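**Q** Use the sequences and the hints to build the structure in full.
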Amino acid sequence: MFTTRLKKIIMIGLSIGTMALLLTGCGNNSQSSSEQKKEVKLSYVEWDTEVASTNVIAQVLRDLGYKVEITPLDNAVMWQAVASGKSDGMVAAWLPSTHSAQYKKYGKDMVNLGPNLEGAKIGLVVPDYVKADSIADLKNEADKTITGIEPGAGVCMKTEKALKEYPNLKGWKLETSSSGAMVTALGKAIKDKKAIIVTGWSPHWMFATYKLKYLKDPKNVFGGEEHINTMVRKGLKKDMPDVYKVLDNFHWTVDDINSVMLDISKGMKPEDAARKWIKGHPDKVAEWTKGIAKK
Amino acid sequence: MYSLLGILPHFDLAGTVEKITNTLTNAWSPFFNAIQAIGSNLTDGLTHFLQAIPPTLFLVACAVFAYWINRKQHKMGLSVFIVLGLWFIYNQNLWVPFMDTLSLIIISSLLSIIMGVPMGIIMAKSDIAQSIIKPILDFMQTMPAFVYLIPAVAFFGIGVVPGIFASIIFALPPTVRFTNLGIRQVPKELTEAADSYGSTEWQKLIKLDLPIAHPTIMAGINQTIMLSLSMVVIASMIGAPGLGRDVLSALQRAQVGNGFVAGLGIVILAIIIDRFAQKLNKHVDKQN
Numbered sequence: 001m002f003t004t005r006l007k008k009i010i011m012i013g014l015s016i017g018t019m020a021l022l023l024t025g026c027g028n029n030s031q032s033s034s035e036q037k038k039e040v041k042l043s044y045v046e047w048d049t050e051v052a053s054t055n056v057i058a059q060v061l062r063d064l065g066y067k068v069e070i071t072p073l074d075n076a077v078m079w080q081a082v083a084s085g086k087s088d089g090m091v092a093a094w095l096p097s098t099h100s101a102q103y104k105k106y107g108k109d110m111v112n113l114g115p116n117l118e119g120a121k122i123g124l125v126v127p128d129y130v131k132a133d134s135i136a137d138l139k140n141e142a143d144k145t146i147t148g149i150e151p152g153a154g155v156c157m158k159t160e161k162a163l164k165e166y167p168n169l170k171g172w173k174l175e176t177s178s179s180g181a182m183v184t185a186l187g188k189a190i191k192d193k194k195a196i197i198v199t200g201w202s203p204h205w206m207f208a209t210y211k212l213k214y215l216k217d218p219k220n221v222f223g224g225e226e227h228i229n230t231m232v233r234k235g236l237k238k239d240m241p242d243v244y245k246v247l248d249n250f251h252w253t254v255d256d257i258n259s260v261m262l263d264i265s266k267g268m269k270p271e272d273a274a275r276k277w278i279k280g281h282p283d284k285v286a287e288w289t290k291g292i293a294k295k
Numbered sequence: 001m002y003s004l005l006g007i008l009p010h011f012d013l014a015g016t017v018e019k020i021t022n023t024l025t026n027a028w029s030p031f032f033n034a035i036q037a038i039g040s041n042l043t044d045g046l047t048h049f050l051q052a053i054p055p056t057l058f059l060v061a062c063a064v065f066a067y068w069i070n071r072k073q074h075k076m077g078l079s080v081f082i083v084l085g086l087w088f089i090y091n092q093n094l095w096v097p098f099m100d101t102l103s104l105i106i107i108s109s110l111l112s113i114i115m116g117v118p119m120g121i122i123m124a125k126s127d128i129a130q131s132i133i134k135p136i137l138d139f140m141q142t143m144p145a146f147v148y149l150i151p152a153v154a155f156f157g158i159g160v161v162p163g164i165f166a167s168i169i170f171a172l173p174p175t176v177r178f179t180n181l182g183i184r185q186v187p188k189e190l191t192e193a194a195d196s197y198g199s200t201e202w203q204k205l206i207k208l209d210l211p212i213a214h215p216t217i218m219a220g221i222n223q224t225i226m227l228s229l230s231m232v233v234i235a236s237m238i239g240a241p242g243l244g245r246d247v248l249s250a251l252q253r254a255q256v257g258n259g260f261v262a263g264l265g266i267v268i269l270a271i272i273i274d275r276f277a278q279k280l281n282k283h284v285d286k287q288n
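Protein sequence lines correspond, in order, to chains W and F. One point on numbering: in our numbering, the residue at position 16 of the first sequence is 16, and numbering is uninterrupted. One point on numbering: in our numbering, the residue at position 174 of the second sequence is 174, and numbering is uninterrupted.
Note that these hints are calculated values from the structure, not bench results. Any given hint might turn out to be false.
Taking lysine-lysine and the DSBU-like style, the derived pairs with C-alpha atoms no more than 30 Å apart in a straight line are [said to hold, decoys possible]:
| # | chain 1 | residue 1 | chain 2 | residue 2 |
| --- | --- | --- | --- | --- |
| 1 | W | Lys234 | F | Lys19 |
| 2 | W | Lys121 | W | Lys211 |
| 3 | W | Lys108 | F | Lys19 |
| 4 | F | Lys207 | F | Lys279 |
| 5 | W | Lys121 | W | Lys164 |
| 6 | W | Lys38 | W | Lys238 |
| 7 | W | Lys238 | W | Lys294 |
| 8 | W | Lys121 | W | Lys269 |
| 9 | W | Lys170 | W | Lys188 |
| 10 | W | Lys105 | F | Lys19 |
| 11 | W | Lys173 | W | Lys216 |
| 12 | W | Lys238 | W | Lys295 |
| 13 | F | Lys19 | W | Lys161 |
| 14 | W | Lys104 | F | Lys19 |
Owing to the predicted nature of the structure, the values given are computational and were not obtained by experimental measurement.
**A** Take a look at the structure:
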């Protein structure tokens with residue numbers, strides 16, 4: 001009984017195998033025919049800013065006739081992917097402090113195209129009804145707890161450092177979670193009018209949704225202004241000079257990114273929000289794509 | 001501050017592992033690239049094939065198949081569930097990620113079974129092999145999956161192949177363990193009888209061990225499939241497409257609703273696969 005069954009299973013297995021092989025053949029053919037149309041691979045992290053900027057630049061490249069694939073990844077994986085050349089680039093490197101650890105490790109294996117957005121910032125953020133104005137003013141708010149995002153995120157590492165450097169934060173702790181959980185906790189605390197201290201960064205839609213303020217940082221643990229840089233893999237300039245040029249030219253403002261982020265947080269699809277912004281800002285897009293012919 | 005434990009110099013394990021991974025990445029890159037190419041072609045092929053099937057046809061075929069394997073009991077429950085579940089997935093615009101996930105699971109489970117069953121047989125036939133393989137299996141299952149995400153990317157890049165790699169490491173052990181267990185539980189008397197009739201090792205394996213161990217092996221395979229399903233979300237952190245990506249993005253953007261819907265998609269897939277696997281297993285049981 002069993003052996004006939006086994007034979008059947010083996011037969012089914014074999015036929016699936018051959019089918020897969022045949023399909024693989026087809027896959028190869030279609031690939032070679034579309035080889036003229038080069039594919040650009042961008043990676044990003046599912047943070048609101050990066051969802052906005054990556055979708056916009058991807059759409060700009062698509063409008064130029066490229067096939068663009070954007071892949072959401074974990075932050076460390078995103079750096080690793082560009083450094084090892086598995087991904088063509090990313091527009092999500094927060095420097096000089098947030099991603100300093102990743103930049104130190106992977107920066108030499110990639111090309112830094114400079115900032116695409118200036119005026120970003122990280123720090124400890126509280127609702128405006130919290131009395132404290134500076135990190136040095138904190139006493140025992142929110143059960144001496146700071147609500148963080150993913151462990152290992154730059155802003156969390158800086159917060160750990162702040163816990164050591166500010167004497168009034170002795171006995172405080174940082175509770176790490178995820179970006180999503182942090183925003184949810186913030187929303188709940190504001191609804192209940194409770195004190196909460198979160199690890200924040202801007203641009204972020206939470207500043208448009210709630211009344212928030214950064215706590216002053218007299219010891220300058222969180223660093224001054226941040227900028228978001230574009231990083232590409234080594235060799236992209238040679239392989240795809242036009243893509244390299246567009247990514248190099250890509251530069252916009254906090255207001256630009258805010259308008260895209262707000263549309264997305266209101267429920268618009270990221271691609272649609274990106275398209276809408278591109279339509280509304282033809283002059284900026286023209287600057288990025290100056291002198292580049294459509295494919 | 002000197003303690004007895006501190007006498008020996010600090011052993012830099014982290015640095016050593018880092019170095020080994022880097023060397024491996026460089027030295028074996030042609031090998032890894034070949035696997036990456038074959039693997040992504042295979043999964044792409046399967047995904048294209050699955051996506052080329054019209055959703056209605058897929059839904060009806062699954063429902064009919066579910067009815068067919070239940071035909072003796074005249075039960076409609078599973079078919080009804082499949083119709084409702086797959087319709088829900090289509091309705092929520094999750095069809096494409098659903099198929100991506102399905103092909104990730106098919107490939108990683110198939111590879112796990114192809115590697116796991118022979119490994120289990122070797123383990124059952126040799127005590128030395130068992131004492132070597134067992135701790136490795138423990139290690140594979142308990143080492144948190146996040147740990148090998150970065151080397152997976154270094155070896156295979158981003159996308160579906162490192163996802164399959166991570167899923168196999170996590171999901172392979174039950175198949176090996178259950179195959180080993182099933183064969184070791186074959187009654188001594190039967191083995192002796194087979195020996196006295198002069199069966200060869202190969203005949204004993206095919207005609208005695210495997211048929212008797214079959215239900216146990218199938219239980220292991222079922223576990224493997226379920227475990228590879230549970231890796232879907234983690235695999236999406238290294239770029240594997242599918243429902244996991246929707247879950248992850250919902251988590252990072254605090255979208256309760258989207259996360260729930262995508263999670264429900266994974267649950268539906270899990271239930272369908274589990275019921276199919278269980279039914280086929282029972283079916284064989286009865287024949288034996």
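**Q** Work down the list of hints and note, for each, if the structure agrees.
**A** Results for each hint:
1. W/Lys234 <-> F/Lys19: It holds: about 22 Å lies between the C-alpha atoms, which stays within 30 Å.
2. W/Lys121 <-> W/Lys211: 17 Å, holds
3. W/Lys108 <-> F/Lys19: Cα-Cα ~17 Å, so holds.
4. F/Lys207 <-> F/Lys279: 23 Å, holds
5. W/Lys121 <-> W/Lys164: Holds, at about 21 Å.
6. W/Lys38 <-> W/Lys238: 13 Å, holds
7. W/Lys238 <-> W/Lys294: The hint holds at about 18 Å.
8. W/Lys121 <-> W/Lys269: 26 Å, holds
9. W/Lys170 <-> W/Lys188: 26 Å, holds
10. W/Lys105 <-> F/Lys19: 14 Å, holds
11. W/Lys173 <-> W/Lys216: Since the Cα atoms of W/Lys173 and W/Lys216 sit roughly 19 Å apart, the hinted pair holds (cutoff 30 Å).
12. W/Lys238 <-> W/Lys295: 17 Å, holds
13. F/Lys19 <-> W/Lys161: Holds. F/Lys19 to W/Lys161 sits at ~28 Å (cutoff 30 Å).
14. W/Lys104 <-> F/Lys19: 17 Å, holds
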